[in-house]
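S.K.: Chain residues, written in single-letter form:
2 protein chains.
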Amino acid sequence: MSVFTKKKEDFMAWYLDIVRRAQIVDTRTEVKGMNVLLSNGYDIWDRMKKILDDKFYITGHKNMYFPLFIPEKFLELEGEHFEGFVPEVAYVTHAGKKKLDKKFALRPTSETIMYHMYSQWIRAYSDMPMKVNQWCNIIRIDTKDTKPLLRDREFQWTEAHTCHSTPEEAVEQVKESMWIYGSTYDECCLPYLITKRPKYDTFPGALYSIAYDTPLPDGKTLQIGTTHNLDQGFAKVFNIRFQKEDGSHDYAYQTCYGLSTRVIAAIISVHGDDRGLILPPYLAPLQVIIVPVIFKGKEEAIDQECKEALEEIQKAGIRVKYDDSDKTSGFKFNEYELLGVPIRIEIGPKDLEKKGVTFARRDTKERIFVTKDKIVETITELLEEITEELKKRAKKLMEESMSDAATYDELENKMNSKKPGFVRINWCGDVSCADEIKERLKAEIRGTLYGKEEVIFGSCIICDEEAKEVVYISKAY
Amino acid sequence: MSVFTKKKEDFMAWYLDIVRRAQIVDTRTEVKGMNVLLSNGYDIWDRMKKILDDKFYITGHKNMYFPLFIPEKFLELEGEHFEGFVPEVAYVTHAGKKKLDKKFALRPTSETIMYHMYSQWIRAYSDMPMKVNQWCNIIRIDTKDTKPLLRDREFQWTEAHTCHSTPEEAVEQVKESMWIYGSTYDECCLPYLITKRPKYDTFPGALYSIAYDTPLPDGKTLQIGTTHNLDQGFAKVFNIRFQKEDGSHDYAYQTCYGLSTRVIAAIISVHGDDRGLILPPYLAPLQVIIVPVIFKGKEEAIDQECKEALEEIQKAGIRVKYDDSDKTSGFKFNEYELLGVPIRIEIGPKDLEKKGVTFARRDTKERIFVTKDKIVETITELLEEITEELKKRAKKLMEESMSDAATYDELENKMNSKKPGFVRINWCGDVSCADEIKERLKAEIRGTLYGKEEVIFGSCIICDEEAKEVVYISKAY
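Protein sequences, first through last, are from chains A and B. Residues in the first sequence are numbered consecutively from 141, following my numbering. Residues in the second sequence are numbered consecutively from 141, following my numbering.
Isolated chain A, as found in the complex:
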């Protein structure tokens, strides 16, 4: 097995290497930025879908599917929103050799087509809250360099769009979405910071935007989800109007939130190492791999033990495979470490003698001997322990990624260091200062901590005028 690019030496080269070699994505499609999500990647996404669908269900969201094609006039209706997407929108103009009467946009996001429907569905306050979720493919012909799962021209996502009869309820819905996404990231063992984006970085058409950013091991950060409070902006444009209890009329208060396959990139990046993936046990397509350590004359006995273990583990509902192929056990060890299988069970002649098996943890590389009667029990415990260990690592990465800068020099040093992470600074609120940070440091203001007023600890780090907010700066993907 050839050696990986080292994660610490060149993070992006390591990432591209592992995504390919652990068979998450194949980019050789001849369609730039549109790749094959291979089964190892697909299965992770499928499990994330289950986690999210459960949360959508208990919070009263309904799943629906809306058209991929969007009439151009819908996009144009919401001018500001449309402008934000213009260069990225793909257009369908022909069917066969025939030119279509009207051209259609492929959804870069579904506000317009969904709200066109909502205006037909909502008549009275009693029709709300309305919470609709859509799982679908999204097309954005991003002009920047594409990178598998980090920046794709086609990707899978969930987008939820809600309507409420009061602005207070919309604010509560923003918080509910933060619980839905936050608890999902927790289950994926991901660290994240929730901030309210600055006004100039708000989603086109929204009142304010909340974003979820994860620190990556190379010191940059990655946005892995957003929630927007749309207030009545879209509702007025799309005429989502309703009768209130007192008989008067108002426009709906809306929110929306989305999260994409980019989360897979975050999981890979945060937890993977130089041997390959390290997958959170709940998401791992395979949780346990059984590898026989063959010894001449003992082949049959070992094979028998492996099969017994397989059957017992399968019965317990654990995702397990027994690899009885001709490859050497060393080759297999490497292969399943690359794939990030949380637990390896080895059965060799010594294990036979001692009436047990050897466990190897993917995360800590720890090996332990377990007697036959304790196999399933030990797996169940270990899967929990591994999850806890990965959550601990996420927390540690989060802590290591946070720092403060009181002066511009301090900020500059941190931003030019190997791991800038999130740096807390004081800001006057002027866009010109934000622009200067962008230009001089290639870094961006991510926003203010949501729901918590932070104490200002100095003047604006750029202009030295009075600071109005404490904000987080990072170099973002």
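Derived from the structure by calculation, the hints contain no laboratory data. All residues carry an ideal CB built from backbone N, CA and C; glycine is no exception. One or more hints might be untrue.
[Unchecked claim] Output of the computed footprint for chain B on chain A, the stretches with three or more beta carbons under 8 angstroms from beta carbons of chain B:
(1) 206-218
(2) 445-456
(3) 565-573
[What the hints assert, rightly or not] Under the rule of at most 30 angstroms between Cα atoms (straight-line distance), these lysine-lysine pairs were calculated in the DSBU-like manner:
(4) Lys172/A x Lys238/B
(5) Lys243/A x Lys190/B
(6) Lys467/B x Lys190/B
(7) Lys148/B x Lys532/B
(8) Lys172/A x Lys536/B
(9) Lys536/B x Lys287/B
(10) Lys147/A x Lys384/A
(11) Lys315/A x Lys531/A
(12) Lys172/A x Lys148/B
(13) Lys467/B x Lys384/A
(14) Lys243/B x Lys213/A
[Stated by the list, open to error] Not everything, but these chain B residues come out facing chain A in the computed CB check (under 8 angstroms):
(15) Thr167
(16) Met174
(17) Leu178
(18) Asp183
(19) Thr199
(20) Met204
(21) Phe209
(22) Gly224
(23) Glu228
(24) Ala235
(25) Leu246
(26) Ile253
(27) Ile281
(28) Lys284
(29) Thr286
(30) Pro307
Since the structure of chain A is already known, use the hints to place chain B on it.
M.R.: Frame of chain A; chain B shown alone:
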């Protein structure tokens, strides 16, 4: 509640009515043939996906996702296949205001992009069998009249594509797919006939095509799935070449099979009645609805009983809702009958007295009194019984839909009758006779029974020459 179009009087009007009123699909999107799959429709599809995913898993299929965009040159490579789709293919030509260097087709099916990848993945016999499934949206700008779920320009489907090292294995794979689909239709309580399509109606590029047709209550039939044995046709074009065990080289033997949201249309059509949907219990978004029958002075006691029943049923993992809204119980009865909820539980003052509840079955309209301690047990039994009842109805519809015609007059009478169904005839095998049937009777040869040689019982029904096959004729949607 307004009266439905009667199913027996005008099937298509009834279908369009019910699809809209039971909130399966909303067509008011301003994109012809691309509709909103509402949550009642979406949830049925989601459960079908689970049924199929379980079968894909145990038979060794892997789920993956391939690009929506297909380079035009891939389509052109397989000329015959491409020609079959030409007028329906949607093309993307622009990103924002910029014209793209190359135009891309939106997948009308994914053979070409998938096989382009397969040619990079398959090197040796040991790489096979390779069984890949994709869940995705499909775009076909059908020029015929669109009808929700029956003929859409965008629809959801599953397409599986397999590679094998021998032709025999490909034949076996065709059979496996027939089990996967057939057993799924069974679970959906659908009747179906499996035939091998005539040569002229074979999928472009395939050796032979197997199709699954369901008889609809109006006497027409609906194709609800297909399986194709592709032999080496595509493999030669896309260069899916492998080394055999003996060192020589060969091209892969392939199969593919697909099934779409059209199956939902079949379920609605076969089982629905003039009150609305009748859903197979396993697929029903809601399995039980609790409706209080309010009686003055007893409101609280009844509400209490309903809540207790709700909790108990929920704990048993059954999909249940308690409708405590202000609407009348009569209104609620109608509403949940329209939605096809298999079991209604009514709790009124008499039930209180007798310490029990009243069950109403959606399928038979039968009502039974059940004591409180037997509620969950009765539901579990009834869900089974209802499934059996629907399967019985499917079987009956199938039997009623089958008949033989020995003479052209007989065939003509049957095809012009109210319920033509499938009519078995003798055919010489000439396309000209098939064309005549099409032209004179607006009916089509569906094919020969797969895997069973049937005894010819006369001469060709058209030309009176010697018959070569027994085939099934129907008017197809």
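S.K.: Counting residues of the region 445-456 of chain A that have a beta-carbon nearer than 8 angstroms to any beta-carbon of chain B, does the count reach 3?
M.R.: violated (count 0)
S.K.: Measuring from the C-beta of Thr167/B to each C-beta in chain A, is the shortest one below 8 angstroms?
M.R.: violated (10 angstroms)
S.K.: Using Cβ atoms only, decide whether Phe209/B comes closer than 8 angstroms to chain A, and label the hint accordingly.
M.R.: At 5 angstroms from the nearest chain A Cβ, Phe209/B passes the 8 angstroms test, so the hint holds.
S.K.: For the pair supplied as a hint, Lys467/B and Lys384/A, confirm whether the alpha-carbon distance does not exceed 30 angstroms.
M.R.: holds (19 angstroms)
S.K.: Given Ile281/B as an interface hint, is the shortest Cβ-Cβ distance to chain A below 8 angstroms?
M.R.: holds (4 angstroms)
S.K.: Does Lys172/A pair with Lys536/B here, judged by a C-alpha cut-off of 30 angstroms?
M.R.: Given pair Lys172/A, Lys536/B is violated - Cα atoms ~53 angstroms apart, limit 30 angstroms.
S.K.: Does Lys238/B lie within 30 angstroms of Lys172/A when you go C-alpha to C-alpha?
M.R.: The given pair, whose Cα atoms are some 16 angstroms apart, holds under the 30 angstroms limit.
S.K.: Can the restraint linking Lys147/A and Lys384/A be considered satisfied, given a maximum Cα separation of 30 angstroms?
M.R.: violated (57 angstroms)
S.K.: Is the Cα-Cα distance between Lys148/B and Lys532/B 30 angstroms or less?
M.R.: holds (20 angstroms)
S.K.: Using C-beta distances, would you say chain B covers the region 206-218 of chain A, given that this needs three or more residues below 8 angstroms?
M.R.: It holds: at least three residues are needed, and the region 206-218 of chain A offers 7 whose Cβ sits within less than 8 angstroms of chain B.
S.K.: Can Ala235/B be said to touch chain A, with a Cβ gap under 8 angstroms?
M.R.: Cβ of Ala235/B sits 4 angstroms from chain A, so the hint holds.
S.K.: Does Lys148/B sit within 30 angstroms of Lys172/A, going by the straight-line distance between their CA atoms?
M.R.: violated (53 angstroms)
Checked against the numbered hints listed earlier, the structure breaks hints 2, 3, 5, 6, 8, 10, 12, 15, 19, 22, 28, 29 and 30; every other hint is satisfied.
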